[in-house]
Every structure is written in structure tokens, then in C-alpha cells.
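Construct the entire structure; sequences and hints are all you get.
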Amino acid sequence: MIGTALVLFAIACLLPAGYMLVAGLETGVQRSAAAAFLLDARQRELLTNSALLGTGTALISSAVGVPLGLALARIPLPWKPGLRLALAAPALLPPYIVGLAWIYVGGTRGPLAAVAGRELLSDWTYSLPGAVIVLSLVFYPLSMLATEVAVRRIEGRLEEAALLVAAPGRVVRRISLPLAAPGILAAALITFVLAVSEFGVPGLLRVRVFTTEVFTAFAALYDFGRAAQLTLPLLLLSLAVAGSAGALAGERLLTTPRGAGSRPVSLHSWRVPAVAGVLLVIAVTLLCPLIVLGLEARQVPSMREVFAGSSGAIANSLTLGATGATAVVALAVWIGYARARARPRIGRIVDGLLVVLFALPSTIVGVGLIGLWNRPGPIGAIYGTHLMVLLGYLARLVPVAALLLAAAVRHIPVSQEEAASVSGAGWLRTMWCVVFPQMRLGLGAAWVVVFVLACGELGTTILVAPPGEATLPIRIYTIIANTPSSHVAALALLQAGVIFAPLAILGLAVSPRVTR
Amino acid sequence: MSAAFLQVAGVTKSFGRQRALDRMSLEIADGEAVAILGPSGCGKTTLLRLVAGLDVPDEGGIVLGGREVARAGRNLVPPHERLIGFVFQDLALWPHLTVRGNLTFVLGSVGVARAAWDARVRGVLELVRIGALADRYPHQLSGGEQQRAALARALVGQPRLLLLDEPFSSLDPELRLVLRGELVALRQTLALTTVYVTHDPEDVRAVADRVVRMQAGRIDAVPADGSHSSHSED
Chain E
1 MIGTALVLFA IACLLPAGYM LVAGLETGVQ RSAAAAFLLD ARQRELLTNS ALLGTGTALI
61 SSAVGVPLGL ALARIPLPWK PGLRLALAAP ALLPPYIVGL AWIYVGGTRG PLAAVAGREL
121 LSDWTYSLPG AVIVLSLVFY PLSMLATEVA VRRIEGRLEE AALLVAAPGR VVRRISLPLA
181 APGILAAALI TFVLAVSEFG VPGLLRVRVF TTEVFTAFAA LYDFGRAAQL TLPLLLLSLA
241 VAGSAGALAG ERLLTTPRGA GSRPVSLHSW RVPAVAGVLL VIAVTLLCPL IVLGLEARQV
301 PSMREVFAGS SGAIANSLTL GATGATAVVA LAVWIGYARA RARPRIGRIV DGLLVVLFAL
361 PSTIVGVGLI GLWNRPGPIG AIYGTHLMVL LGYLARLVPV AALLLAAAVR HIPVSQEEAA
421 SVSGAGWLRT MWCVVFPQMR LGLGAAWVVV FVLACGELGT TILVAPPGEA TLPIRIYTII
481 ANTPSSHVAA LALLQAGVIF APLAILGLAV SPRVTR
Chain P
1 MSAAFLQVAG VTKSFGRQRA LDRMSLEIAD GEAVAILGPS GCGKTTLLRL VAGLDVPDEG
61 GIVLGGREVA RAGRNLVPPH ERLIGFVFQD LALWPHLTVR GNLTFVLGSV GVARAAWDAR
121 VRGVLELVRI GALADRYPHQ LSGGEQQRAA LARALVGQPR LLLLDEPFSS LDPELRLVLR
181 GELVALRQTL ALTTVYVTHD PEDVRAVADR VVRMQAGRID AVPADGSHSS HSED
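Protein chains in written order, with the working numbering: chain E, 1 to 516; chain P, 1 to 234.
Hints in this document: simulated from the structure, not taken from any laboratory.
In this text, a Cβ means the ideal position worked out from N, Cα and C, and glycines have one as well.
One or more hints might be untrue.
Unchecked claim - Below are the SDA-like pairs computed for lysine to any residue, each with C-alpha atoms no more than 25 Å apart in a straight line: (1) E:K80 - E:S269; (2) E:K80 - E:H411; (3) E:K80 - P:F15; (4) E:K80 - P:V56; (5) E:K80 - E:A5; (6) E:K80 - E:R152.
Said to hold, decoys possible - Which chain E residues stay away from chain P? Per the calculated CB distances, all over 12 Å, these: (7) L92; (8) I175; (9) I382.
Below you can see the structure in the form of C-alpha cells.
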């Protein structure tokens with residue numbers, strides 16, 4: 001079973017990336033060997049913009065996320081599970097939805113202009129700094145959660161030993177944060193790659209980066225060679241940075257051990273400012289975008305008309321999202337299991353690979369899938385069908401689901417499987433009766449996360465969707481230019497609802513089990 | 001016996017339904033070395049943690065150097081103001097800092113002037129015989145060297161009270177013997193009030209002036225006259 005899963009994983013996830021790597025190198029060699037590696041002026045501009053976008057987003061996300069993660073780990077906040085969920089929620093909003101809110105907030109009729117009497121952000125709206133801010137609002141939860149996990153992992157005795165001689169603030173600065181630094185740095189690197197790989201926000205805010213150029217070269221200019229060539233620097237950058245992040249994070253991706261019997265530093269006295277800070281961040285990153293979209297959508301003459309015009313896209317999003325999530329989890333559970341039970345050294349390599357695959361730019365995955373499947377013969381029968389969208393979801397989301405499920409498997413002691421085995425149960429029976437029942441929550445959570453990410457996926461889907469067919473993100477993205485903003489905002493709100501409804505259900509299912 | 005330096009008065013501490021300490025009382029004189037002996041789970045470590053301020057007693061109180069530091073439900077003096085050196089069972093050396101870094105963190109925290117750091121670090125490392133290892137990280141040290149580094153860290157801030165929680169439990173017998181001897185020599189040099197938790201009677205014989213035996217969160221037996229050098233485990 002695991003062998004079959006690994007073959008499917010290779011076909012779905014590794015082949016598109018490998019195809020683009022080879023295609024990029026071949027095109028480079030054909031056009032000019034030097035061009036593949038030494039960038040021309042236009043590519044240098046793209047690289048500079050991409051690097052600034054990634055670096056700026058990583059820095060701001062860390063500046064916001066690290067204090068929040070520290071607060072969640074070490075400050076006894078009230079309603080902590082709820083606050084954590086609200087703080088993490090922006091990460092599941094498709095970035096272009098926050099981008100839309102950003103455009104509306106600074107626009108001529110936006111709330112800022114209404115309050116100030118003039119446009120305050122007009123110069124920033126369509127700009128690189130604007131894209132950095134929008135992506136930081138979306139990606140800071142990654143840094144926050146990584147910091148919380150890293151700080152919780154710290155052996156409590158190390159902080160106790162420091163508390164004997166130093167005040168809590170000094171202990172946090174000198175002991176806790178340096179010990180958590182590898183996890184924090186890994187999150188910053190992953191944020192960098194995700195920002196560099198992002199397509200929707202730079203496209204929306206008219207910032208020229210590699211991902212938008214790949215899309216333009218392929219979808220507008222029909223120049224596969226140029227798209228493949230542009231892929232190479234971005235692919236190598238993603239491989240290097242995400243690989244480093246995977247290596248830095250190591251076992252931290254899966255485990256959160258804590259020393260028994262010790263009591264780590266607890267920053268009671270920081271409670272009031274921490275609560276104020278947390279509420280401010282929730283207001284800015286979650287409530288503001290939704291309120292701004294709501295204000296914009298109020299001007300729609302008829303909601304029914306808006307939804308009726310996009311009913312096909314809505315239905316596609318829901319059915320493809322649900323089917324995709326099921327397919328992704330069905331494959332990822334075996335990959336995750338194999339990862340969890342692998343030897344540590346192999347496990348670390350697999351982690352790095354999964355992080356790299358998750359961080360691959362979505363447009364590159366899309367072009368890679370087209371290159372692989374758009375060919376004559378039986379293979380080509382898939383091309384031009386909804387199966388291509390499902391393949392896109394598999395390629396993009398199996399890695400992250402496998403990481404989530406590997407963490408769930410790690411909580412089940414190997415001895416339980418050994419006990420089933422010596423009791424006469426075969427491997428499949430052991431998996432079905434012993435392992436999977438204990439992973440129910442993990443499987444459910446992975447399904448919801450994948451469904452949410454699939455419903456918001458844009459960069460790959462927009463390239464591989466069958467002609468004339470659209471998902472909700474494609475619909476929103478393609479009507480922005482020629483449809484009233486109120487109409488677009490209404491659809492964006494609907495998209496947010498599609499994402500938050502299953503999350504709320506998951507939150508209700510999980511909350512009774514959350515003890516800290 | 002001189003006036004009590006450490007007084008633990010009727011202290012109770014529970015974790016959930018489990019009572020770790022049950023109305024325990026104990027007095028330790030200034031400069032005295034007391035070994036607390038008892039089986040695993042009898043509350044020895046909990047007692048040290050309460051004295052250090054890492055946990056709060058449910059009932060009773062603790063007086064250190066004439067100052068009440070804890071009473072039922074709250075710590076009156078935070079751990080870092082109690083001037084205590086603590087050697088944890090698992091040593092808890094900070095892995096991202098060198099031996100020197102581990103020591104200077106303490107010196108910076110207790111307010112020693114930076115100009116005096118080098119001399120203090122050198123002096124205490126010589127005392128525990130790892131003077132040449134100041135720039136090594138904990139993972140670059142052997143088990144015995146780590147033990148010495150942890151002891152150096154506990155001593156460098158010139159604490160009023162030294163707490164040792166089974167510091168030699170993870171060492172092989174030969175190394176235990178060597179370090180036990182060195183600890184005795186150190187005690188004689190520093191004349192420091194010491195509480196030494198162990199379940200090994202051999203440690204007791206070598207290290208302590210007095211033995212307190214614990215069982216199920218209470219003192220099981222104290223020498224009748226309360227005198228020093230009462231090695232009742234012999």
C-alpha cells in the first residue's frame with residue numbers, strides 16, 4: 001500500500017517539479033547557456049522584486065508573529081484556544097482576498113478616504129510595499145505558530161535554571177528565544193518562499209515578480225520556452241531556501257515534547273498588554289479585511305444576482321474542493337505514515353522534500369502539469385477535464401497534508417502496532433483497527449485544512465482548469481478588471497464564508513479536547 | 001546548632017489528587033549540609049523546588065535567611081531574588097551557550113560588574129577543575145565535565161544556599177566517587193549551606209552533616225538529638 005502511495009506521490013507531486021526543472025535547463029541551453037544562469041536586466045529586476053517581496057514579508061511576518069507565538073506559549077491568556085484560532089485564521093484566507101480589501105481600503109471610495117477626506121494610501125495601493133504588507137497580514141500566523149511550538153518545545157528545566165538568577169523578561173530574551181531561534185528562522189525562510197511563490201497578490205497589485213511573469217509568458221504570450229526559462233531561478237531559489245528551512249526545522253515539524261515535572265517561565269505580568277496586542281492584531285488582520293469587503297459589498301443591488309452569475313464557479317469550488325481534499329488525504333495518510341515511521345535521518349530528508357514541494361510556486365506547478373499531461377494519446381485524455389484541477393490540488397497540497405498526518409501518526413506509540421502484530425493482526429488490519437481510529441481528529445483536521453486551501457487555490461488552478469470552467473478564486477480574479485467592485489467584494493466574502501464555515505465546525509469539534 | 005537559616009514550616013503540596021508533601025517541617029542551620037534521603041516519589045524534589053521558589057506551597061510557609069519567602073498559595077520572593085544555587089538532576093545546562101556563557105548569564109543576572117566576570121568565571125571553573133573548558137558548549141563535554149559545569153554555574157553567583165537534586169544519579173560508579181570527593185572538598189572550602197537530595201546512602205555518608213529521611217511526603221526519621229554527622233543510614 002505504501003509502495004503504491006509512493007508511486008502516486010511521485011507522479012502527482014514530484015513529476016511536475018522535475019519536469020519544470022528539466023524544461024528550464026533545456027530551454028536555457030537551447031536559447032543561450034548563459035541566459036539560463038546569468039540573468040538579463042529584466043530577470044534581474046524580477047529577481048530583485050521577488051527577493052524584496054520575500055524578505056520584506058518574512059521580516060514583517062516575524063516581527064508580528066514571534067511576539068504573538070511567545071504570548072501564546074508563555075502568557076496565561078484568557079480564551080486561548082479561541083484567540084489562537086482567530087489569530088491563525090488569516091493564513092487560511094486566500095491572499096488575494098486580503099489584497100482586494102487592501103485595494104478597497106485605500107481606494108477613492110474606501111473608508112480611509114471617507115474618514116480623512118483624501119486618499120492616504122493611493123501611492124501605496126498598487127506597489128511592492130503594498131504587496132509586502134498584504135502578504136505579511138496573511139503569513140504572520142506561520143511565524144506565530146512556529147514560535148509557539150518552538151517555545152513549547154523548550155525543556156522547562158532550562159528556563160527554571162535561569163529563573164533562579166534572572167527575572168522572567170531576561171530569561172525569555174537570553175534563554176527562551178535563542179533556544180527557539182531555529183524554529184523561528186525556519187518559519188521565516190518558509191514565509192520567504194511562500195511570498196516569492198505567491199501569484200495572486202502580486203498579480204492583483206501589479207507588482208512584477210517571477211510568478212506573474214511565468215503566468216504572463218504562458219497564458220498571455222503562449223511562450224512555454226520563456227515560461228520554463230523564467231521558472232529556473234525561482235525554482236532553484238525555492239529549492240535552496242525551503243530545503244534550508246526543512247533542515248533547520250528538522251523533527252520540530254512533527255513533535256512538541258516537553259520535559260516532565262518542570263514548570264517553564266510564565267509571564268503573568270505581561271498579560272494585559274498581551275491581550276490588547278492580540279486583539280489589535282485580530283482586528284487588523286481578520287476583522288478589518290472582512291469589514292472592508294462587507295462595506296464594499298453593501299452596494300450590490302442584488303446578492304441573488306451576484307451568486308446566480310457565479311453559481312457554476314461556486315459549485316465547482318465546493319465539489320472539487322471536497323473531492324480534492326478527500327483524494328489528497330487518502331494519499332497523504334500513507335505518505336505521512338511512512339514519514340512518521342522512517343528512520344530519523346531519512347525522515348529529515350523527507351521533511352525537507354515535503355517543505356520544498358509545498359513551497360513550489362503555484363504557477364510553476366501549473367505549467368509543469370500542462371507540460372506533462374497536454375499530449376496526444378491516452379495520457380492526454382485527462383487534459384481539459386476537471387481531473388487536471390484535482391491533479392493540481394494533489395501536487396500542491398499532498399506535501400502539507402502528509403506533514404500534518406505524520407505528526408498525528410507520531411502520537412501513536414509503535415508498541416501499539418507491535419502489540420496488534422503479535423496478536424495476529426495483519427498490517428492493513430492493524431492500520432484500520434489500531435492506527436486510523438486514533439488519527440480521526442488528525443484526519444478530520446487535515447481534510448478541513450486541505451479543503452480550505454483547495455477552495456482558495458488560484459495560481460495552479462487558473463492554468464489547468466478546463467476551458468470555460470472556473471472555480472470561485474478564478475471567477476473572482478478574472479472579473480476584477482471589468483466588474484463593479486461591490487460584485488467582486490460580495491464574491492470574496494462568499495469565498496471567506498466557504499473557508500470559515502468548515503473551520504468553525506472543526507474548531508467546535510476540537511475545542512473540548514484542547515486543554516491548554 | 002546555630003539559628004535556623006532555612007525553615008520549612010508545615011508545608012503541604014499537592015499535584016492534582018496526589019499529595020507530594022504533607023505538612024512537612026524542617027530546619028537547617030547556617031553552613032549545615034543536610035542530605036534528604038528517600039525513595040523515588042517521596043517528595044524530595046518537590047521540597048527543593050518549593051525552597052527555590054519554582055513551585056508554590058498549598059499550605060505552610062518557608063523562611064530563608066530570616067525572611068519569609070513563601071506562604072500558602074503564593075511566593076513572596078521570586079526565585080531570582082532568593083540567591084540560591086541549584087544543580088538539577090538533568091543539569092539543565094543551556095545548550096546554546098558555552099560554559100563561560102552559562103556562567104556569565106548568571107553573573108549578568110545577579111548584577112556583578114562586567115569587569116569582574118573573567119576573574120569570577122576563572123576562579124569558579126578552577127574550583128571545579130574545568131578551567132580549560134570555558135569555551136566549550138555543553139554537548140562538547142563529557143558527563144563528568146557537564147556535572148562540574150553545572151556545579152560551577154550554581155556557585156558562580158555566590159549563593160546563600162546550594163540545592164543539589166540527585167546530581168550524580170546519571171554517572172557511572174567510578175566517576176560518582178571522584179565527584180563526591182570533590183563536592184566534599186568544595187563544601188569544606190566554601191562552608192555553604194547545602195541541601196542534597198539523593199536516594200543513595202553512599203552519597204549521604206560522604207556529603208552530609210545530617211540526614212533527613214522522607215517517606216510519602218513526610219519526614220520519616222530524624223536523629224533523636226538532631227545533631228550533626230548523624231548518618232542514620234549506615
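Right, here's what the structure says about each hint:
no.: 1; hint: E:K80 - E:S269; in the structure: holds (16 Å)
no.: 2; hint: E:K80 - E:H411; in the structure: holds (23 Å)
no.: 3; hint: E:K80 - P:F15; in the structure: holds (23 Å)
no.: 4; hint: E:K80 - P:V56; in the structure: holds (24 Å)
no.: 5; hint: E:K80 - E:A5; in the structure: violated (38 Å)
no.: 6; hint: E:K80 - E:R152; in the structure: holds (15 Å)
no.: 7; hint: L92; in the structure: holds (33 Å)
no.: 8; hint: I175; in the structure: violated (6 Å)
no.: 9; hint: I382; in the structure: holds (51 Å)
The structure fails to meet hints 5 and 8 from the earlier list, while all remaining hints are met.
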